[in-house]
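Enquirer: For the protein sequence lines, the chains are X and R, in the order given. Going by the numbering used here, the first sequence opens with residue 5, and the numbers climb by one from there. Going by the numbering used here, the second sequence opens with residue 5, and the numbers climb by one from there.
Mixed in with the good hints there might be a few duds.
Since the list gives no way to pick one copy over another, a pair counts as held whenever it fits inside one copy or between any two copies.
Claimed, not checked - Cross-link-like lysine to any residue pairs, in silico, SDA-like; alpha carbons within 20 Å at most:
id : residue 1 : residue 2
1  : LYS379    : GLY141
2  : LYS29     : ARG310
3  : LYS333    : PRO146
4  : LYS29     : ALA312
5  : LYS379    : GLU34
6  : LYS120    : ASP187
7  : LYS196    : GLU225
8  : LYS33     : ARG310
9  : LYS357    : PRO146
10 : LYS29     : HIS279
11 : LYS120    : LEU32
12 : LYS196    : GLY261
13 : LYS29     : ARG280
14 : LYS333    : SER143
15 : LYS196    : THR13
16 : LYS29     : ASP281
17 : LYS196    : HIS12
18 : LYS33     : ALA312
19 : LYS234    : ASP224
20 : LYS196    : THR11
21 : LYS33     : SER115
22 : LYS379    : GLY207
No lab work stands behind these hints: they were computed from the structure.
Protein chains: 2
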Amino acid sequence: MTETTHTHTPLDLSGEIITAVYALKGTLKEAAETAFDIGVEQTVEFPLDLIEQDDIREQIVGEVLSVETIDEDTHHATIGFPMEVAGRELTQLLNVLFGNISLKPGIRLLSFTLPKNLLMRFGGPRFGIRGIRELLGVSDRPLICTAVKPMGLSAEALADVAYRSALGGVDIVKDDHGLSDQDFARFEERIKKVVAAVNRANGESGHRCRYMPNITAPADEVISRALLAKAAGAGGLLIAPGITGLDVIRQIAADDGIALPILSHPALQGAYTVHRDSGISPGTLYGALNRLAGADACIFPHFGGRFAFSPDACGDIRDQTASVMGHIKPIWPVPAGGMSVDRVEEMITFYGKDIILLIGGDLHRQGPDLARTAKNLMERLELIDPQRPSYAPK
Amino acid sequence: MTETTHTHTPLDLSGEIITAVYALKGTLKEAAETAFDIGVEQTVEFPLDLIEQDDIREQIVGEVLSVETIDEDTHHATIGFPMEVAGRELTQLLNVLFGNISLKPGIRLLSFTLPKNLLMRFGGPRFGIRGIRELLGVSDRPLICTAVKPMGLSAEALADVAYRSALGGVDIVKDDHGLSDQDFARFEERIKKVVAAVNRANGESGHRCRYMPNITAPADEVISRALLAKAAGAGGLLIAPGITGLDVIRQIAADDGIALPILSHPALQGAYTVHRDSGISPGTLYGALNRLAGADACIFPHFGGRFAFSPDACGDIRDQTASVMGHIKPIWPVPAGGMSVDRVEEMITFYGKDIILLIGGDLHRQGPDLARTAKNLMERLELIDPQRPSYAPK
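Using the sequences and the hints, build the whole thing.
Expert: Following this line, the structure appears as structure tokens:
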């Protein structure tokens, strides 16, 4: 007994709930127990028999809404958490959905929904699918993105790579995510030189290629780099929320002084998705959470590339970039990770035409004339039926 | 060929290297290939045959220094990365150590070392073991910490829990990590009331209990909450770097205007350590990285509690809180997660006397008089031989 009844203010909750679905390993009985434990661990984190306030035990603790058997060893449990436990914050929402239970094996967060009055606190992506199409003046074809690399080149040499890619008509030139502020190409110099190079290419080609530099940076420098990039004329921002924390994306997306598209990069996040029995589903991590935070596009490994993602994982991401989420806009899937030019049609079939095709090394492999290669690729895209439907999620 | 030779500035690297040891699954041949791939993926992320600058291929790409077979299916590879690829930043260092390869199964980061000129860029913990002992005036016994909970109590009721814990003489009263800024106990009101309660208890008891509130918060509010806590008289800060990003700890530790001990909480980080074959070793994640960033103490699940951590995992954390790391101070291990009062001696034997014993629910289970229970526990600690050596890492 904590003997605090005399100072306890009775709860006055709305009744609106966050729901979260978890895949749980074990027998049905074990899964039911784990589901119950999740409701406790993610809220009061305290033995229920020691809580003397009935309203805390009955209203704050997450409630098991259902446990469904998928196979002998796998069950899906839906837990309802009162919206108030997440307060007003994406950070505390992450903590409620998967904070402490990330430390337990055999629990995987598959999906979540927010009640209207919590969802309304999040602005989501500033641009999304339509907003980026408008910026680029591209009404219905897939987009092409390539990366400025390799690390070790000077700012001037990187700008030259960007110039030649942009000249061929690619829509987006982004920094390689490993380019930060190294001596061989300091951030400010790189941004200025690459912006100038892309602008020069656009002037010559008539295209509207946008350069999106990497602003993944120390906590006290992310915003200043975003503002510096904006002031220098960058056309978007690349950031790795696994390194900076996801909420930085929310902060940037909401900032009217920045107002640039945000590409989210999965660096350091793979540990959440690499095992099927734990962590967070790819669709929730790379799709729904990026989207809720306000990323306009999410990069992830397409199956069959350098990374061992499955078609199921990629389908989950595709679905959760576009599924119904109140006023929160759908975002661009950016399948990547060793994609080759000859897989373009296959990827469009899988994701629909609302896709950013990120092709790095393989663009260079087509031959020394990068502008010509990019142009060939863009022409190939023009041949794809503009009436091809976007992928419609279930 | 990228045709950029004409603009390439020859590299002028120091030759100092970051080393990282990875556990790799598969045959020795597969492990050797994976090790080579890591050197490429974590630096240039580009096909080597397409890099025409010899110095980038030879100096930027991570070099496989050794591959050692542990058992038929497990090998330890040591990779050397030029210090310059990490620039000046903890964020880019994280990216080099485990960014993209987090997305690949069968790769686990076991440990890393930094060369002197990179390590010098990090201040590490402001207090560490000795600094916190000095603040508390406790020269050589283990410390006791308890948590203010459960969520759902008002600020006033939480302050009452803190008062009664502090009155019994516990050294640290921390917020439960799920307390953020919810309606039932808003951040500012909670901090003020709990600080006042702990100060009142100290005045009555003569102890120096310190209250450490949770400042895990939206990206644009973490620092303002830290400053508010400081101004209100808090004695330390609790933060979950898995939610905020690890670099926020570095930022706070370096801030002379805050200058408070930092307790790091593992919420959301468990996905990195929950599988043995991938992710990051517990010692590196909860020990070395927290320490490098500047946390003074790291909370993690002790084995045999609510979480399935192994003795090996806890030993790894213990070792990496205290191992040689240049000028970076050793930090406090804070084993937790359902620890009971009757395990205190066992935990001190395992970790040594430089340990913060975090006991939450079980302190309440001893009976309604929390101050008496805390006092009994503190008396029990006094009986432990003060000559008991600290745990000495190998």
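Enquirer: It remains to establish, for every hint, whether it holds in the given structure.
Expert: Going through the hints against the structure:
1. LYS379 to GLY141: within (17 Å within a copy, 71 Å between copies)
2. LYS29 to ARG310: between (29 Å within a copy, 16 Å between copies)
3. LYS333 to PRO146: within (18 Å within a copy, 52 Å between copies)
4. LYS29 to ALA312: between (22 Å within a copy, 14 Å between copies)
5. LYS379 to GLU34: This pair counts as neither: shortest intra-copy Cα distance 57 Å, inter-copy 38 Å.
6. LYS120 to ASP187: Result: close only across copies, 17 Å inter versus 47 Å intra.
7. LYS196 to GLU225: Only inside one copy: LYS196 and GLU225 sit 17 Å apart there, 30 Å across copies, limit 20 Å.
8. LYS33 to ARG310: Result: close only across copies, 18 Å inter versus 39 Å intra.
9. LYS357 to PRO146: Intra 5 Å, inter 61 Å, cutoff 20 Å: intra-copy only.
10. LYS29 to HIS279: Result: close both inside a copy and across copies, 13 Å intra and 14 Å inter.
11. LYS120 to LEU32: neither (32 Å within a copy, 53 Å between copies)
12. LYS196 to GLY261: Within. Shortest intra-copy distance 19 Å satisfies the 20 Å Cα cut-off; inter-copy 34 Å does not.
13. LYS29 to ARG280: both (10 Å within a copy, 17 Å between copies)
14. LYS333 to SER143: Within one copy only: 17 Å inside, 57 Å across.
15. LYS196 to THR13: between (57 Å within a copy, 17 Å between copies)
16. LYS29 to ASP281: For LYS29 and ASP281, both the intra-copy (7 Å) and inter-copy (18 Å) Cα distances are at most 20 Å.
17. LYS196 to HIS12: between (58 Å within a copy, 17 Å between copies)
18. LYS33 to ALA312: between (33 Å within a copy, 19 Å between copies)
19. LYS234 to ASP224: Cα proximity of LYS234 and ASP224: in one copy and across copies (17 Å, 19 Å).
20. LYS196 to THR11: For LYS196 and THR11, only the inter-copy Cα distance (16 Å) is at most 20 Å; the intra-copy one is 59 Å.
21. LYS33 to SER115: Neither, since 22 Å and 39 Å both go past 20 Å.
22. LYS379 to GLY207: Cα proximity of LYS379 and GLY207: one copy only (16 Å, versus 76 Å across).
Figure legend: structure checked against the earlier numbered hints; hints not met, in rising order: 5, 11, 21.
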